[in-house]
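Residue-level listing of the chains:
Protein chains: 2
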Amino acid sequence: MKLSANQTWNHHVVKKGNKSLVLDKIKYNSPISRASVASQVGLNKGTVSSLVNDLLEEHLIYESGPGESSGGRRPVMLLFNENAGYSIGIDLGVNYLLGVLTDLNGNIHTEKQITFKNLSYEEIETKLFETIEYLLKSTPECPHGVIGIGVGVPGIVDKDDNILLAPNLNWRNINLKEVLEERYNVPIIIENEANAGAYGEKNFGAGKDFENVIYVSAGIGIGVGLILNGSLYKGSNGFSGELGHMTIQAEGAKCRCGNEGCWELYASEQALTRQAEKLDIPSDMQDLEGLVTLAEHGNDEVIALFEQTGDYLGIGINNIINIFNPQQVIIGNRLASSEKWLKDPLNKRVAKQALWFQQNDLQIDFSELSTRSTALGVAAFSIENFLSVSIQQNNTAQE
Amino acid sequence: MKLSANQTWNHHVVKKGNKSLVLDKIKYNSPISRASVASQVGLNKGTVSSLVNDLLEEHLIYESGPGESSGGRRPVMLLFNENAGYSIGIDLGVNYLLGVLTDLNGNIHTEKQITFKNLSYEEIETKLFETIEYLLKSTPECPHGVIGIGVGVPGIVDKDDNILLAPNLNWRNINLKEVLEERYNVPIIIENEANAGAYGEKNFGAGKDFENVIYVSAGIGIGVGLILNGSLYKGSNGFSGELGHMTIQAEGAKCRCGNEGCWELYASEQALTRQAEKLDIPSDMQDLEGLVTLAEHGNDEVIALFEQTGDYLGIGINNIINIFNPQQVIIGNRLASSEKWLKDPLNKRVAKQALWFQQNDLQIDFSELSTRSTALGVAAFSIENFLSVSIQQNNTAQE
DNA sequence: AAACTTTGTTTATCCACTAGACTAACATAG
DNA sequence: CTATGTTAGTCTAGTGGATAAACAAAGTTT
Numbered sequence: 010m011k012l013s014a015n016q017t018w019n020h021h022v023v024k025k026g027n028k029s030l031v032l033d034k035i036k037y038n039s040p041i042s043r044a045s046v047a048s049q050v051g052l053n054k055g056t057v058s059s060l061v062n063d064l065l066e067e068h069l070i071y072e073s074g075p076g077e078s079s080g081g082r083r084p085v086m087l088l089f090n091e092n093a094g095y096s097i098g099i100d101l102g103v104n105y106l107l108g109v110l111t112d113l114n115g116n117i118h119t120e121k122q123i124t125f126k127n128l129s130y131e132e133i134e135t136k137l138f139e140t141i142e143y144l145l146k147s148t149p150e151c152p153h154g155v156i157g158i159g160v161g162v163p164g165i166v167d168k169d170d171n172i173l174l175a176p177n178l179n180w181r182n183i184n185l186k187e188v189l190e191e192r193y194n195v196p197i198i199i200e201n202e203a204n205a206g207a208y209g210e211k212n213f214g215a216g217k218d219f220e221n222v223i224y225v226s227a228g229i230g231i232g233v234g235l236i237l238n239g240s241l242y243k244g245s246n247g248f249s250g251e252l253g254h255m256t257i258q259a260e261g262a263k264c265r266c267g268n269e270g271c272w273e274l275y276a277s278e279q280a281l282t283r284q285a286e287k288l289d290i291p292s293d294m295q296d297l298e299g300l301v302t303l304a305e306h307g308n309d310e311v312i313a314l315f316e317q318t319g320d321y322l323g324i325g326i327n328n329i330i331n332i333f334n335p336q337q338v339i340i341g342n343r344l345a346s347s348e349k350w351l352k353d354p355l356n357k358r359v360a361k362q363a364l365w366f367q368q369n370d371l372q373i374d375f376s377e378l379s380t381r382s383t384a385l386g387v388a389a390f391s392i393e394n395f396l397s398v399s400i401q402q403n404n405t406a407q408e
Numbered sequence: 010m011k012l013s014a015n016q017t018w019n020h021h022v023v024k025k026g027n028k029s030l031v032l033d034k035i036k037y038n039s040p041i042s043r044a045s046v047a048s049q050v051g052l053n054k055g056t057v058s059s060l061v062n063d064l065l066e067e068h069l070i071y072e073s074g075p076g077e078s079s080g081g082r083r084p085v086m087l088l089f090n091e092n093a094g095y096s097i098g099i100d101l102g103v104n105y106l107l108g109v110l111t112d113l114n115g116n117i118h119t120e121k122q123i124t125f126k127n128l129s130y131e132e133i134e135t136k137l138f139e140t141i142e143y144l145l146k147s148t149p150e151c152p153h154g155v156i157g158i159g160v161g162v163p164g165i166v167d168k169d170d171n172i173l174l175a176p177n178l179n180w181r182n183i184n185l186k187e188v189l190e191e192r193y194n195v196p197i198i199i200e201n202e203a204n205a206g207a208y209g210e211k212n213f214g215a216g217k218d219f220e221n222v223i224y225v226s227a228g229i230g231i232g233v234g235l236i237l238n239g240s241l242y243k244g245s246n247g248f249s250g251e252l253g254h255m256t257i258q259a260e261g262a263k264c265r266c267g268n269e270g271c272w273e274l275y276a277s278e279q280a281l282t283r284q285a286e287k288l289d290i291p292s293d294m295q296d297l298e299g300l301v302t303l304a305e306h307g308n309d310e311v312i313a314l315f316e317q318t319g320d321y322l323g324i325g326i327n328n329i330i331n332i333f334n335p336q337q338v339i340i341g342n343r344l345a346s347s348e349k350w351l352k353d354p355l356n357k358r359v360a361k362q363a364l365w366f367q368q369n370d371l372q373i374d375f376s377e378l379s380t381r382s383t384a385l386g387v388a389a390f391s392i393e394n395f396l397s398v399s400i401q402q403n404n405t406a407q408e
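First to last, the sequence lines map onto chains Z and G.
Okay, so the first sequence: first residue is 10 according to the numbering used here, each after it adds one.
Okay, so the second sequence: first residue is 10 according to the numbering used here, each after it adds one.
Read the hints as simulated data drawn from the structure, not as lab findings.
Take every hint as true, because none was put in to throw you off.
It does not matter which identical chain is meant; a pair holds if it fits inside one copy or across any two.
Lysine-lysine pairs mimicking PhoX-like chemistry, simulated, CA-CA at most 20 Å apart: (1) Lys287 <-> Lys263; (2) Lys136 <-> Lys126; (3) Lys136 <-> Lys121; (4) Lys361 <-> Lys263; (5) Lys357 <-> Lys263.
Full structure from sequences and hints, please.
Written out as structure tokens, the structure reads:
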């Protein structure tokens with residue numbers, strides 16, 4: 010928990026902080042008794058009892074039957090009520106839309122995916138509404154209902170959740186947040202796809218155990234989500250992580266961004282398919298899915314292409330390691346499906362070039378949530394927000 | 010203020026937090042009355058009175074005479090007691106040693122610089138002791154004496170303040186912290202030179218007003234200090250910011266680190282002097298100082314060399330902007346002395362290539378503290394540490 | 001001089017945490 | 001089955017620090 014700027018410290022803050030500690034303890038160590046919470050968190054038994062009662066009233070936790078005795082009175086076990094509310098997360102891709110309805114632990118309750126091509130903003134908006142409403146209808150009865158809707162988009166999102174630019178969708182300056190807020194009247198979060206993916210993996214996927222995680226979203230382009238000291242770093246305007254346009258080849262190929270030698274010209278899906286055009290393969294096999302099929306069938310040229318891409322991925326990841334000294338780098342998004350061929354050349358490049366001391370305690374993994382990282386990530390933002398606000402509000406709402 | 014892991018919230022924390030708020034208010038807005046502190050910080054008048062009394066007892070602040078009346082009783086003005094203690098900061102360079110004694114506001118009270126060449130570790134240690142003892146002797150009488158010693162080194166420092174590797178000094182695995190702790194019995198901080206420089210500029214120099222500042226220490230090599238969300242980011246083992254070994258030219262020139270095309274091969278002092286060797290200039294003018302002199306005299310070849318270096322600096326800084334979306338990038342260390350010739354090509358490169366939205370609210374500056382960034386930075390670490398610990402201790406020490 | 005303002009202290013009250021007593025509910029030994 | 005010991009959870013009194021409001025001090029304004 011962190012204090013917002015210019016806020017003073019008082020008993021309110023203390024209670025909120027401790028309540029959050031207790032809730033977290035229960036969430037990640039359930040089932041657990043009040044006594045164990047007290048001794049593990051370091052709070053007094055009475056304090057824990059009182060906070061637990063609050064949390065029970067708010068339906069954020071519940072009591073299950075008595076647990077095993079360890080030589081005395083049997084404890085009442087407490088569990089996090091993952092069904093106290095549900096969160097909607099939407100991954101809005103360039104030619105697909107993936108919506109999930111999750112409980113408060115990120116378990117998927119309903120999932121809906123549609124694909125499309127070359128739709129206008131209005132048409133996509135309609136599809137988005139349909140998806141959200143489908144998910145809303147599928148929400149089970151629960152104390153808090155749908156606690157928020159999050160949308161991950163392949164573009165630049167500023168501090169006020171405005172979509173400044175989504176090149177592959179041809180969007181500019183779109184205030185999707187306001188539209189959704191008016192229509193659904195729940196908290197809305199709009200976030201860059203890579204940031205969301207990073208948050209998804211950090212909360213529910215491969216990054217659960219680490220504090221410094223860099224998520225490389227390798228899709229048509231490359232975006233990067235930065236989890237530093239356990240929380241998402243967004244930069245001063247929300248534009249951090251544009252590592253796709255990091256120069257790895259001075260005086261290299263021209264990029265549409267105006268720069269030369271950008272990483273994503275060498276290591277993205279786009280780079281892969283462009284190279285594939287030069288090969289002697291059927292034109293309907295020149296997309297990622299086609300190339301994967303060909304590689305599965307042992308096409309050496311295509312496999313070499315994947316390996317080259319893996320190598321270039323390694324160059325950028327080596328830079329990432331030097332810059333951030335992370336505990337973990339996760340490769341996600343579309344290219345993660347080609348782990349099989351990317352992994353070895355990537356690891357080889359890093360092993361060869363990364364400074365020796367950087368290679369200790371370093372882990373390079375592929376996405377665990379696969380195509381769901383982003384959708385689960387934005388769902389996680391809402392959940393996080395709900396839990397902290399909920400704890401605050403009920404503090405003041407008490408008579 | 011941030012809570013350390015696994016700590017609970019109680020009255021103590023509240024008091025510490027508020028005391029810190031009050032002290033900061035006085036420090037950065039002095040002279041200021043109790044009443045103003047209360048209304049500006051948002052605390053009750055009585056609370057402020059009590060906290061101010063604590064701070065007075067600890068000599069961290071003092072009362073000056075009465076201020077101007079604004080229609081009622083005249084206020085008693087409070088000021089931060091910058092002379093409550095002094096901090097020693099040492100910049101241990103490859104061939105020089107700069108020591109400063111500063112007050113708690115980073116004002117330099119005593120300064121001592123020596124230069125040397127090719128000394129062994131033991132010899133440098135002796136020089137270091139001499140400098141420290143000189144500074145200790147020059148410390149004025151004050152309530153808290155010397156509150157800490159910090160040393161900035163040109164190398165890799167791990168989480169435990171061990172100097173893992175300082176290539177240009179030929180040091181490996183040196184525990185300077187322990188040596189100094191035993192000898193001087195005050196808190197010791199060892200920090201990488203770039204991290205310290207970043208902290209120095211953030212606290213006392215060009216970066217005072219910003220929360221996301223990237224400090225590029227362009228010396229023999231390149232190191233980078235990262236101030237993210239107002240505090241120094243060190244990575245999971247303390248090895249962040251090795252941007253000197255960021256690849257900007259895949260398949261480029263070989264670096265001693267084992268990698269190819271590292272930034273510092275193109276944009277450091279080393280890069281500059283290596284290029285200078287190829288020019289037709291006297292060999293005793295081939296170091297940075299000589300090149301500066303030649304450039305001052307209008308040597309076109311040398312000026313072109315500086316400009317090329319500025320351009321390459323721009324490439325890396327463009328990467329930095331894409332990665333961090335900072336409010337400010339500061340170029341410091343030895344190359345900052347050549348601002349005159351580096352600035353334009355650097356800015357041109359960034360203006361041409363950085364994404365348009367990244368260029369808003371972005372400032373690229375050269376060091377304000379010039380050669381003193383690192384020394385002041387390590388001094389600042391001790392000060393920061395002293396003030397927070399001091400506030401804590403006196404909380405418990407009260408009878 | 002009287003009335004008003006502003007500063008800073010004091011007092012009473014409130015809130016959340018702690019320590020420790022107490023009650024409840026179990027296990028185990030005899 | 002009873003006595004004793006152990007663990008879980010609640011209750012009570014006490015404490016620390018914050019707040020609100022009254023009050024005292026020291027001005028200015030009319």
